[in-house]
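> For reference, the chains in residue letters:
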Amino acid sequence: MLSRFDTDHGTPERSTDAAVTLEIDGVSVTVPAGTSVMRAASDLGSKIPKLCATDSLEAHGSCRLCLVEIEGRKGYPASCTTPVEPGMRVRTRSEGIDRLRRGVMELYISDHPLDCLTCPANGNCELQDMAGAVGLREVRYGYEGANHFESKKDESNPYFSYDPSKCIVCSRCVRACDEVQGTHALTLTGRGFGARVTAGANENFLESECVSCGACVQACPTATLTEKSIIRFGQPQKSVVTTCAYCGVGCSFRAEVQGSRVVRMLPNKDGQANHGHSCVKGRFAWGYATHPDRITKPMIRAKISDPWQEVSWDEAIAHAAERFRAIQRKYGRNAIGGVTSSRCTNEETYLVQKMVRAAFGNNNTDTCARVCHSPTGYGLKTTLGESAGTQNFDSVEQADVIVVIGANPTQAHPVFAAQLKRRLRAGARLIVIDPRAIELVRSPHIGADFHLRLRPGTNVAVANALAHVIVTEGLANEEFVRERCEAEAYARWKAFITKPENSPEALEAASGVPAADVRGAARLYATGGNAAIYYGLGVSEHAQGSTMVMCIAHLAMLTGNIGRPGTGVNPLRGQNNVQGACDMGSFPHELPGYRHLSDAVTRALFESDWGVPLQDEPGLRIPNMLDAAQDGSFRGLYVQGEDLLQSDPNTSEVARALEALDCLVVQDIFLNETAKYAHVFLPGSSFLEKNGTFTNAERRISRVRKVMPPLAGKEDWEVTMALSEAMGYPMRYGHPSEIMDEIARLTPSFEGVSYEKLERLGSIQWPCNAQAPEGTPVMHVGEFVRGKGKFVITEYIPTDERTSERFPLLLTTGRILSQYNVGAQTRRTDNLAWHSEDRVEIHPHDAEQRGIVEGDWVGIMSRAGETVLRAVVTDRVAPGVIYTTFHFPESGANVITTDNSDWATNCPEYKVTAVQATRVTQPSEWQHKYRRMDAAQRALLGARRRRDTAPT
Amino acid sequence: MEIAKLVKMANQIEGFFRGEADSEAAVAGIASHLQRFWEPRMRAAIIAHCASGGEGLGELARRAVGRLAPPPPPPAGTAH
Chain A
0 MLSRFDTDHG TPERSTDAAV TLEIDGVSVT VPAGTSVMRA ASDLGSKIPK
50 LCATDSLEAH GSCRLCLVEI EGRKGYPASC TTPVEPGMRV RTRSEGIDRL
100 RRGVMELYIS DHPLDCLTCP ANGNCELQDM AGAVGLREVR YGYEGANHFE
150 SKKDESNPYF SYDPSKCIVC SRCVRACDEV QGTHALTLTG RGFGARVTAG
200 ANENFLESEC VSCGACVQAC PTATLTEKSI IRFGQPQKSV VTTCAYCGVG
250 CSFRAEVQGS RVVRMLPNKD GQANHGHSCV KGRFAWGYAT HPDRITKPMI
300 RAKISDPWQE VSWDEAIAHA AERFRAIQRK YGRNAIGGVT SSRCTNEETY
350 LVQKMVRAAF GNNNTDTCAR VCHSPTGYGL KTTLGESAGT QNFDSVEQAD
400 VIVVIGANPT QAHPVFAAQL KRRLRAGARL IVIDPRAIEL VRSPHIGADF
450 HLRLRPGTNV AVANALAHVI VTEGLANEEF VRERCEAEAY ARWKAFITKP
500 ENSPEALEAA SGVPAADVRG AARLYATGGN AAIYYGLGVS EHAQGSTMVM
550 CIAHLAMLTG NIGRPGTGVN PLRGQNNVQG ACDMGSFPHE LPGYRHLSDA
600 VTRALFESDW GVPLQDEPGL RIPNMLDAAQ DGSFRGLYVQ GEDLLQSDPN
650 TSEVARALEA LDCLVVQDIF LNETAKYAHV FLPGSSFLEK NGTFTNAERR
700 ISRVRKVMPP LAGKEDWEVT MALSEAMGYP MRYGHPSEIM DEIARLTPSF
750 EGVSYEKLER LGSIQWPCNA QAPEGTPVMH VGEFVRGKGK FVITEYIPTD
800 ERTSERFPLL LTTGRILSQY NVGAQTRRTD NLAWHSEDRV EIHPHDAEQR
850 GIVEGDWVGI MSRAGETVLR AVVTDRVAPG VIYTTFHFPE SGANVITTDN
900 SDWATNCPEY KVTAVQATRV TQPSEWQHKY RRMDAAQRAL LGARRRRDTA
950 PT
Chain B
0 MEIAKLVKMA NQIEGFFRGE ADSEAAVAGI ASHLQRFWEP RMRAAIIAHC
50 ASGGEGLGEL ARRAVGRLAP PPPPPAGTAH
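Chains as they are written, first to last, in numbering that gives the first Met the number 0: chain A, 0 to 951; chain B, 0 to 79.
Quick caveat, the hints were computed from the structure, so don't treat them as lab data.
Hints should not be assumed to be uniformly reliable.
[As the list claims (entries may be wrong)] In silico EDC-like pairs for lysine to aspartate or glutamate, Cα to Cα no more than 20 Å straight-line: (1) K493/A / E1/B; (2) K493/A / E478/A; (3) K7/B / D799/A; (4) K302/A / D740/A; (5) K493/A / E54/B; (6) K7/B / D630/A; (7) K7/B / E794/A; (8) K498/A / D21/B; (9) K789/A / E1/B; (10) K705/A / D269/A; (11) K4/B / D269/A; (12) K7/B / E652/A; (13) K498/A / E54/B; (14) K4/B / D630/A; (15) K46/A / D16/A; (16) K237/A / E57/A; (17) K4/B / D898/A; (18) K787/A / E19/B; (19) K4/B / D740/A; (20) K7/B / E658/A; (21) K46/A / E57/A; (22) K380/A / E19/B; (23) K268/A / E12/A; (24) K789/A / D21/B.
[Claimed, not checked] Sample of chain A residues at the chain B side, in silico, Cβ under 8 Å: (25) G331; (26) N333; (27) T497; (28) A542; (29) Y593; (30) S597; (31) A599; (32) S632; (33) S736; (34) I792; (35) E794; (36) R869; (37) V872.
[What the hints assert, rightly or not] Just so you have them, the derived chain A footprint on chain B, three or more residues with Cβ under 8 Å: (38) 0 to 6; (39) 18 to 30; (40) 39 to 51.
The beta carbon of each residue, even a glycine, is placed where N, CA and C say it ideally should be.
Using the sequences and the accompanying hints, generate a full structural model.
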């Protein structure tokens, strides 16, 4: 059901310059051409009764409740399917209309259970409302005839119930699945009285291809499809608009609450990133926030083999600060550092880097974007001048050719994927560049024109070959390049890219992609109209990650596909605030706004504002910190919201580094894998418990609003502030809005951002300043941020991770829809119903060679380590390639990945690991060791000395 | 810092800058990258390695490391 706090206008908004004036019930109204009579009436505040219409779906005209009279027309047209016309005169009420509507409602109600008082939709039921609106007073047909009252409920989905006895067959759910989500999992089977909504091929919801996005539940006007949380708790009292804490789409949600208890998360219709759509994670998987595993009291211990001891906030902060200061006194100021997470807000990440620079007195600050999109920052800054995606999501609606490289949007960015698929169904062409046959390659009503199924590690070879074809076949937009790019650099690059060794034919052996396919894809990209590139970690997490990002920028500049809607270079950020964490100066070499520490003017600006001198040398990046920990020159680490041990490559080495630290302080909502090596645990707050902002993949800054008090008594920014003060550098903020004011004061691209403006506009895409006071949906219009675009020589250099006799397969990794990164959140929800363990995908040919069948235990060994996972035998992966997800710590996906990394940024090469796979009968030695360590740490947590008083 | 790892990283950087117009530009590019992105103790380690023969370092990387100024010694004690 829709939110009680939203207005449903019945049919979608139309945007066109042409306006139409008509008269409804004697009142004149002017609306965009193409608007329905129903919506025009809604604009006037006149609600025409309806059931099958809702403004997220195109009109259907089946319920016959919205009939109106139009002067000069016969009969009673449906207002939802009738577009406005100039001079039209409409009557929405008359005796004839009233009679017809009551007649329709009588039929509906004659086959509807009259259990309104105990129905979960009570208080928010459109059928009930319409019965009232049409003045239904009797049902002449009675209730004894044929009906569906005894229809069996489908309770298979963990989050919503399907009660067919309450279905009025309006098909809103079916159309939502088709039009909004594009999964086509629902259908109406049967005819007339026998018509029923069916999931999949007559399966239950859980077993069908339903992706549990919630669009059908939201569209349902009755209690047929209802959230189980609403069934359990009842209707909400109020709603708070906030931003999802999962992927980089940054969906806006209404957190619907009773007091401080969340009873439902509903996608916000006014959300500028998601336009009222959602996925299974944001919509349903929020229960982790109150999971019993939450730790709500600060804890300390001397050694990681000791039991934890609960202490007050003051004691924990003082203890952490004293240990850090002792390390600095003994080993120097640069012996400690801090790491923050893309799951944290902008204000939190800003404070962490400020604390490290001002209170710790060094630049050893980093963020988990190091291990995902740091090459995006380097590559785009080098070529275009700004470390960010160039478009808004809505830009895709004007794309004619869409290129998806190393990304799996239907799994990792599902709400944007739904928008992208809508565009594909409308006729846009698709090129997928990926070692796996991702869902976009072939799914209902979607098919890629080209799937360049390259060998992992050969992105740059394929991108160079694409550019080679565009230039040598005369398809480059030379006029754009001449006007917008550096001439000398382009001339050098052109001489490089046209060399025979960059031709598709020459690179076919390395990449495994047929040259003809590369040529076809290049021609389509260069000549197919507006062309837009979307890419993910399959681009960045390589030894040549930064180089590949530059290659992508080259393709856009070379064809003039940048600087206008429908085009551009669009990194799909893995987490909710990857963009923001980078913007906020979390990297060790640059201050907020991507300004290098060596820039004396910028440094002086911050020194003056913060009142401290800043070091002008870059600090350690995460992998450097871990290396320095092992050599003894780095001894103390503060980690906020990040799980280094599960996220970072070569787990055994990470564990050794963490074990070597004298003081590890972890601030998190759960005792994550890293925290098992910690000496101080500071309880964190979930996104529902704090105020702040996130910045999504389209540079959109959106508010995070507190809907319940922090379980541990403090929001994360308050904890950082306390630690900074204990380290001798007090910070004084009363609210995150004051932190944002400081960010705006010191960062030109955020100059015009404030909480007040965010309230007014809903969200803001930076840059937001005097030149763009309401933000910038599309960047690089007319001129690149760096002035002229730059082409750089991008020679393909094969990675060191090559197959050999010992390691003949290449492992690559990725995410799945229902789980999220290290799984700390989603593993503590009912999303386990879809994915309760990580498995390894292996091609039938490779499986047969090894005697592996579906479900077998498979030992996967690399030069870094070995783990064991169960097999999925599938041709989604190519021969020679295996694939796994990394959502469960015991899977040990990163036990296998190596410390090979991007040349420019040290972003790990997660996507290419040379491995061997063999059939085995038991878990790996590492997994046995992990289980022992996990059990020991859980025991130490269970044996913690309790502190009965509330945290202070 | 494990020197083998630093040598590998420096050689990777050399691989990228090898595309510059000439070796002088490549060496300048490598040196600038090391200066801008490597923490002083990493630079100190690679400088020391280079001074003792620079085993494993590519030619351009070796020349770039040779141009790096000695990094400042780490500051002692706490900031406040």
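> When the hints from earlier in the document are held up against this structure, which numbers fail?
The structure conflicts with hints 1, 4, 5, 9, 11, 13, 15, 16, 19, 20, 27, 29, 31, 33, 36 and 37, although it agrees with all the remaining ones.
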